[in-house]
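With the sequences and hints as input, model every part of the structure.
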Amino acid sequence: MAELLEKRRLHVHQKGKGKFTLDCERPSLAGAVSQRACTFCGSRVVLYPIADAIHLVHGPVGCAAYTWDIRGSRSSGPELHRLSFTTDLREQDVIRGGAIKLEKSLRELIATYQPKAAFVYSTCIVGVIGDDVAAVCRTVSKDTGVEVIEVNSEGFKGTKKDGYLAACDALNTLVGTGSTADISPLSINILGEFNIAGEAWIIQEYYRKMGVEVVATLTGDGRVEDVRRAHGARLNVVQCSGSMMPLAKKMKERFGIPFIKVSYFGVEDVAKALYEVADHFGSSELQRRAEDLVAEETAAILPRLRSIRGELSGARAAIYTGGAFKAFSLVRALRTLGVRTVLAGSQTGNADDYSALAELCDEGTVIVDDTNPMELAQFLTELKVDLLIGGVKERPIAHKLGVGFCDHNHERKRPLAGFHGMLEFAEEVRSTLLSPVWRHVHRTPRTALPRPSEGK
Amino acid sequence: MKRLETIAPRTTVSTINPCRVCAPLGASLAIRGISQAMPVLHGSQGCATYIRRYLVSHYREPMDVASSSFGEQATIFGGASNLEAALDNVMSRYSPSLIGVATTCLAETIGDDVAGIVKRWARERGSGAPRVVHASTPAYSGSHAEGYAATVLAIVAQLAENTSSNDQVNVFAPMSASPADIRHLRELVEDFELRPALVPDFSDTLDGGSWEEYEPIPKGGTTLAELTAMGGAQASISFDGVVGASVTPGNLLEQRFGVQDHNNPLPIGLVATDKLFAALESISNRPCPAKHSAERGRLLDSMVDAHKVLFEQRIALVGDQALVVGLAAFCAEVGLRPVLCATGSNPGKLKSALAECVSDDCIVLEDTDHTRVSEVAKDLKLDLVVGPSKVRAWARPLGVPVIHLGFPIHDRFGAARLRTFGYEGALQLLDRITNTLLERRQEEAGLGWAYL
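So the protein lines, in turn, are chains A and B. Read in our numbering, the first sequence has 279 at position 279, and its numbers run on one by one without any break. Read in our numbering, the second sequence has 51 at position 51, and its numbers run on one by one without any break.
Hints listed in this document are in silico derivations from the structure and should not be mistaken for laboratory results. Just to be clear, a hint being listed does not mean it is correct.
So the derived label-pair ranges between C-beta atoms look like this [what the hints assert, rightly or not]:
#1 B:Ala122 <-> A:Gly310: 58 to 64 angstroms
#2 B:Ala157 <-> A:Thr21: 25 to 31 angstroms
#3 B:Val304 <-> A:Glu205: 55 to 61 angstroms
#4 B:Asp88 <-> A:Glu268: 44 to 50 angstroms
#5 B:Asp113 <-> A:Asp352: 30 to 36 angstroms
#6 A:Lys249 <-> B:Ser92: 36 to 42 angstroms
#7 A:Ile183 <-> B:Lys378: 39 to 45 angstroms
#8 B:Ala157 <-> A:Ala134: 25 to 31 angstroms
#9 A:Gly18 <-> B:Phe413: 41 to 47 angstroms
Here the structure is a predicted model, which means the values were calculated and not measured. In this text, a Cβ means the ideal position worked out from N, Cα and C, and glycines have one as well.
Take a look at the structure:
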C-alpha cells in the first residue's frame, strides 16, 4: 500500500481489507498538497452559471482572476457570468477598509450592466479587515432596486463544502420571491446541474419530451427570475447532491417541495433519473413516454458502445472527482464499457457517499478521500491504472506516468451527461486508451488493449 | 508625448477582466526554479490550488504547491502552528533541500511574523531540516511579476554567501523567460566558455520528459551550491533594464559582495541581444562565437525579407511591463508600429521606458484591465495583438489576430517552448508575426494566393 503521511491513513481504504471506515469531511492537512481549493471556490462554482447576475468578488485580484471564465457553463442568452468583476483591493484598501470601494463598484456595475441581481463574494481578507459587506449590500439594494446578495465565502472559513452552503444560502434568499403563476403541476427544478458544455440542455430536452416542465435549473444557463420562482415546482431533482442538497432541504422545509437524488452520467443512471420523475408524479403517461425515450436513445448509441466495449475491455481506471456522487455514475458507466475501477475518490464526499461507493466497487478497489499528487501517483503505479478520470490538476500526474486521461471536471468543453454524453464519454475514453503514444512511453507493457495498427 | 498622458488606464472603480494574476503565483514559479525546492504558501488553501491550476495549464506539467491551510482558528490566533505543520509534512513527504515560504494576503494582513516562525522551526528541527527561504508576497502588493521578482531577491538575499572567488556567472532569469529561453541563455553563456548559474532555472522542472515513477519534486533547477556561490561569482547578468524594482538581485550582490552586475533590458530583438553579447564578451574576454554571429546575420536577413509585410502594421502589446518594453523595442527595429501598450502591473516605469521606442501617438495603459484595453482597442484599427490568452476575450470579437505570448497561455500548446530571447528567439517571433499577417492577407484576398 502506498506510503502515506500518518494522518492520511484514515482517509484511505481498500475494499476487502477489514471493515469499511473512512475519515472524511475534515479540513485538509497543512502541507499535504490537497487538490481541494477553499470556501470561496465552493461558492463560486455553484453560483457561477447564473448568467444575468453580476458576480462581484470583493477582495484582492487573485480570487477573481483565477476564476475568470474557467467553468465550461454555457448560456443561451446573457453572458455576464463570463466577465470577471472584482474590487481588486490594494494595500491602502486593506489599511483603510474596502467598504466604500465595494459600494462604488456595485453602483457603477449595476448602472452599466443592468443585472437582475448581484452576488458579492467575500474573500479571506474581507473577513479580517472587517468590511460590513451586509450593510453595503442592503444600502445598494435599496437605492438601486437591484437585489444585492452577500455570499459569506471567506476562503479560510472552512472547506469547499462550506462554500456550497454559503452559495445555497444566497440562492435561498431569492427562492420564493417570484411569481409562480402558470406553472404546470408536472414540474420540476433541476438542482446541481451547471450546464457544462450544454449538458443541462440535453437533460431539459428529455424532460420536455416527457411532458415535464422544468421551472428552474440551478444553476446551469441560470436566470435570476427562474431562481425566484423555483418554489413553484412540485419536485426538486438533485444532481451533484454535495453542492445543492442544503438548498433542496431548505426548500422542503420552507415550501414542502420533496427532492430525489439522481445522476445524469451513464446509461443506467440517466434512465433512472427519468423513470424516477415519472414515478414521483404517478403518471402512466409520463412513464410510457420515459420508456419510449430511453428505448429510442439507447438504441441509437448501443451499437457504437458495444463496439467500443470490445476494444476497451479489461482496462483499469481510477476516478478522482470533486463531489462523490459523480464517482458512482462513473463506476457504472465504466462498467458499461468493460473498464474496471480500481480506485475511486473525491475531494468532498461524506461518510454515506463513501460507504455506498465501497459497496458498489469491486473487491480490492481503493477508496480515498481528499487525496494529493504524491498519493495519487503512487496509487496509479501500484494499481496499474490505464485511465485516470479527473480535472486539470490530476491530468499532468496521469500524463507524466504514461496513463490515459479523461477530463470530467467543470472546465470540460465536451458534454458527458445524458445518452449522447455517454457516447461522448466512451469516445473520449477510447481516444486516450487506444492512442499509440503510450507504446513509446512505457518500457514495461501495460494492460494489453487492441493496438490499432497491429492488424485490426 | 500628449497621448501618453491623456488616456486614463481605468474608467471604473472595479476591475473588470483583470490584466494580471497575483504575487504568490510568481513566488511559486521562482521557487520551482530551485533544485529540490518546495513552495509553501502561507495562507488559505485556495491560493495554492488556484495557482497550481494556472501554472499547470500554462506549462502542462505537474506543479505541487503546499499550503499552510488556514482555517478560522489560524486567522484569529495566528498561523504559526499551521505553518509549522506544513513545513513538517512537506519535509517528511517531499524531502526537499529547500523550502520557499511565500505569504498570501491573509497571512500578511493578520501580521504573522513568518521570518520568526521559520527561524524557530529550523532551530527546533535541527540539522535534519532543509533550508528555508521566506518572501513577502501578498496579492495586494503586486502582480505575479512583482511576486516573482521579490522572491528571487529574497532567495539571493538569504542564501548568497561571501564565498571565495569562483568562475560562476550569475544569470537572473526573468519571469517572462520560457523554459526554452532559459535553455538558450545557458547555451549562450556556455558558448563563451563561461559557467552559468541560472537563477532561478525552471527549464527542466517545468518542461521535463515522461516519468517511470512520480518525481515528488521534478529534477532540475538552480542548486544550493550555485546559490551560496553567487557572492563569489565573477559577474552577474540581469535583465531588469529600467523597469526593474529599485533593489534587484544583481545590484544587491554588487552592493554586498562586489559582484559586477551587467544589467540590460530583456534580450528581445537585435539591439537588446547585442547588449547581452557585449556583456558576455566583456566578462569572458572572448569574441562572439561564429555560430552566433551567423545567427545574427540570419536574423538581420530575415528582417529585411519581411520588412514590407511588417511596415507600420498596427500592433497592441499586452503583458508584463518588462516584456512589453522588450517587444516594443523589437517592433521599433522591424517597422511594426505599437499603437497600444498595456500592462496590469501597478503603476511603474512603463511610460518612461517606452518613450524611446514608440511613436507619440502610442497609447500606454498601466495598471489597467482587459475591459479598458478593449474599449481603447476598438477604435485603433489593430492589425495584430501580442499577449496572453486573456486578450482573446476582446480581440476575437474585433477580428484581430492574436500572437500568444506572456502569461498565462492556456488555450494553446507549447507555451514552454515559445521563444523571444536571443537572435534565435527574435527569429521565431519574427516568423510568427509575419506569418500571421500573411495568413490574414491570404484569407482577406479571397483568391487564396499561393505565392506571397
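> Hints broken by the structure, by number, lowest first?
Replying inline: Hints 2, 5, 8 not satisfied by this model.
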